[in-house]
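First to last, the sequence lines map onto chains A and B. One point on numbering: in the working numbering, the residue at position 303 of the first sequence is 303, and numbering is uninterrupted. One point on numbering: in the working numbering, the residue at position 148 of the second sequence is 148, and numbering is uninterrupted.
None of these hints come from the bench; they were simulated from the model. Just so we're clear, the structure is a prediction, and the values are computed from it rather than from any experiment. There could be a bad hint or two in this list.
As the list claims (entries may be wrong) - Output of the computed footprint for chain B on chain A, the stretches with three or more beta carbons under 8 Å from beta carbons of chain B:
#1 10-17
#2 36-44
#3 158-169
#4 228-238
Note that the Cβ used here is the ideal one computed from N, Cα and C, for glycine as well.
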Amino acid sequence: MSYFKPQFRHPQLPTNERGFTRTAYEGLISTLCAGCGHDSISAAIIQACWELSLEPHRIAKVSGIGCSSKSPTYFLNKSHGFNSVHGRMPSVATGAFAGNHDLNYIGVSGDGDSASIGMGQFAHVVRRNLNMLYMVENNGCYGLTKGQDSATADEGSKSRTGQVNPFENIDLVGVALEIGATFVARSFSGDKQQLVPLIKAAIAHKGFALIDVISPCVTFNNHHGSTKSYDYTREHVQSGNIVDFVPSRTEITANYEEGQTHSVQLHDGSMLNLAKTKPEHDPGNLRAAVNALQASREEGEILTGLIYIDTEEPDFKTMMKIGEKPLNSLSQDELCPGGERLEKINASLR
Amino acid sequence: MDATNTSNPEYFHKVVDCQYACPAHTPVPEYIRLIARQRYTEAYLVNWESNVFPGVLGRTCDRPCEPACRRGRVESEPVAICRLKRVAADNKGDIAPYMPVIPTEKNGKCIALIGAGPASLTVARDLMPLGYTIHLYDENPKAGGFMRSQIPAFRLPETVLDEEVDRILDMGVDCQLSHRVESMKGILAKDYDAVFVGTGAPRGRDLDLPGRQEADENVHIGINWLADVAFEHKQSIGKNVVVLGGGNTAMDCCRTARRLGGEEVTITVRSTFEAMKASPWEKEDAQREGIPFLPNHTPLEFICENGKLTGMTFDEVESVYDRDGNRKLVSAGKPPVLIKADEVLVAIGQEVAFPWIEDGCGIEFDQWNQPVVDSTTFQSTNDKVFFGGDAAFGPENVITAVAHGHQAAVSIDLFLSGRDIKSERPAPGTRLFSTKMGIHEWSYDSQVTVDERFAVPHLDNETALGDRRAEVELGFDQSTGFAEAQRCLNCDVQTVFIESKCIECDSCVDICPTDCITFTENGDEDDLRKRLTAPAEDLEQALYVSESLQQTGRIMVKDENVCLHCGLCAERCPTAAWDMQQYLYSVTKPAPVIKIDASRIGLPITGNSGKTESSRTSGGLAS
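Hey, can you work out the whole structure from these sequences and the hints?
Written as structure tokens, this is what we have:
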């Protein structure tokens, strides 16, 4: 059993704009089960942050409890991190953001952490449009407690012991669309070509960005009859669009067929080019997004890609009128302007 | 690309860079692991089976394995393979019980070996256990060839050489020492069933410059002079010595001269310091002894006064390379440089010489006066006569001579048993077996250490220069040997991929520290090399390509180049689609030579049908 990853790296590893190789974005060796989809998601986050040339110390990782929430240990170990209480990651993220909105917030949660114990927190962080990337590593089961069905397990899906799930599932993508999320995507841990640009776009998005990632549990939910296994997901994935993230400084070179592309300008100037594989799906239109999601469900397919994006909605920072200067960098004088100022405030309230 | 055919015995062999680069293909990682386990005897036997002279080679090998070592591609220095070999030789126990039994009843076939160097001795070692009668001829009073006459005792103690040479002679070789063979016709007339010529490259090149004749008494050909020192015909040298040449013989000459009384010993070379042919470590050793190098100097003239050599003049030159990389020495146009010299040693190369092989022996020579020899069978144009070592294709080194010896021995054995020496040549012996001991347990140390190459201690200069027999390199002690052994990446433990088990979860891709693995659409090699996780620019290093995978139809491509063989891909694989399997490869030899359960030291079974044997047991390494 290896407890350490060897220190040697490929001698010709490319560097990003900041001169870092991917190594600068890695974490400790994973202790998750061999083959866990979560490890692929960690690798996709590493790749995306490297490609975006983010500085690791300008990123904060927040998570709750569960296999998924352990995984921030396995990437970005030079970043800030907070492994919080079960289902309460959104509160911690909100507080952290209020304290310092200059960081990139990456929340990592699971189906239990978000769709069961943390459902209430999840709903509210969505509607507040908190500036963060919220990843749900969704495997449809409670892997840490031996694989019981979670709230996202599909109705009719068979557990490893052969029991069929009788309950309707909670589709976090659907819930998020319903309560005003501004960036909603779904992907699959086994498809980094799609996942990496989605993560990059989500980080660049101003506001709340949800990526629900189907992430098979190899130990408890990767058997015949499961609807969250590697082969079931691969057979039923229906890619709504192919996402190409173009940073603001880059010239756009990709060519797309007329009428098949949809470009979205993000607030930082970067562009999202979507090559649509289903022409009727327009991710800029909420109704079309809801319809596409519903249609895919009826067909028994899993719709992936960027499902909905709205770049106009004000984000949490705007709505809460948070000042440009982060709270944590305010000086004593700014935080405590003195008795005279207090008098004035008190007087204004009388 | 087509899926890689791993049943070709050469595919996995090539992944073991050190072993592949070794002319004798010694299973390096296998004996390094045995050293780490303090099983020095077994480590020695693995070596002895393959290269016959582990003690000698552990000190003097040219080490083609080290520049090939994968470790040198992921950090600055390769594993000190050669010095580890010496650790095995220095610390081994009694190996007598494992030596082959020599049949008392001979098989009736008699073979003459001309020259008692490493090539001939290897032939003897390989054929004596089969019952052949062997007559060994050499002009010197002791066997060993150039290992004895050219390698100075301060690099190779006589006791070490004697032990390994005598082990072969004691198998009952009929030695005709101090017997210079003057006529091939005479040998052929003795009706030997086969003759092996291992006479080396005995003629040192001379330098025909003005003053050469007059200075003759104090000008010596390097290899002859070294032999005279080794056999104690020469005990001293003048105070001022100039050595001409930049190869390993020149290094040995200058260091020997320092020990025989040379006070001002200078090496002069026509090339630049960097382009000198000597191995880097031999240059370092000479420099450590305070010997100055004078590169870019072409000799002009031997200067004599009253019929006695007093110095040499040189022209300072510059190396200029043309577009094809050919070097031209261009005079710097400066006045000649005079260097005082009481004696000059000429070490500017050596060549084969066969004045004793007459026309009409049926042995053809090519336009460069090299015998026409088949590079696989080592047979000459006379069916009965085989060549090996430097005599076959010109000057190389000890390990190459050993490699030739094995192949010639195979040919001779086939020839004398009436089989075809080409088509009936046995395939190399191979074994491939899993090292899996448990869920994440391997039978080898998969962890990769970060230790840098350990330096070997040296005798202090004063003691070393005072005694030409005092060995300079002291070798690793056991604990340094262990630490250095742990630097080995175990490249013979192969990453074997079983596509039918793969569920394409990407875990191996994500964990691989050196980004060797990619899952992608198939394409031709040039195209694939551009689409991998990390650059795959070393075209010498193979891509390991799978069949199309079940779920997506993609293929797995692994660039073998900088794989650390750490086993993490296999540890992170949920379905055991990756397995770490040890691959043993043994060059074909006429017969097994060690009396030991091959599985005890993980030796491949010699001369099987070449098929890869695959087993799930952890066999090979259990003691």
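How the hints compare with the structure:
1. 10-17: holds (count 5)
2. 36-44: Satisfied; 6 residues make the cut.
3. 158-169: Violated: only 0 residues of the segment 158-169 of chain A have a Cβ under 8 Å from chain B.
4. 228-238: With 3 residues in contact (Cβ-Cβ under 8 Å with chain B), the coverage given for the segment 228-238 of chain A holds.
Hint 3 from the list above is the single one not met by this structure.
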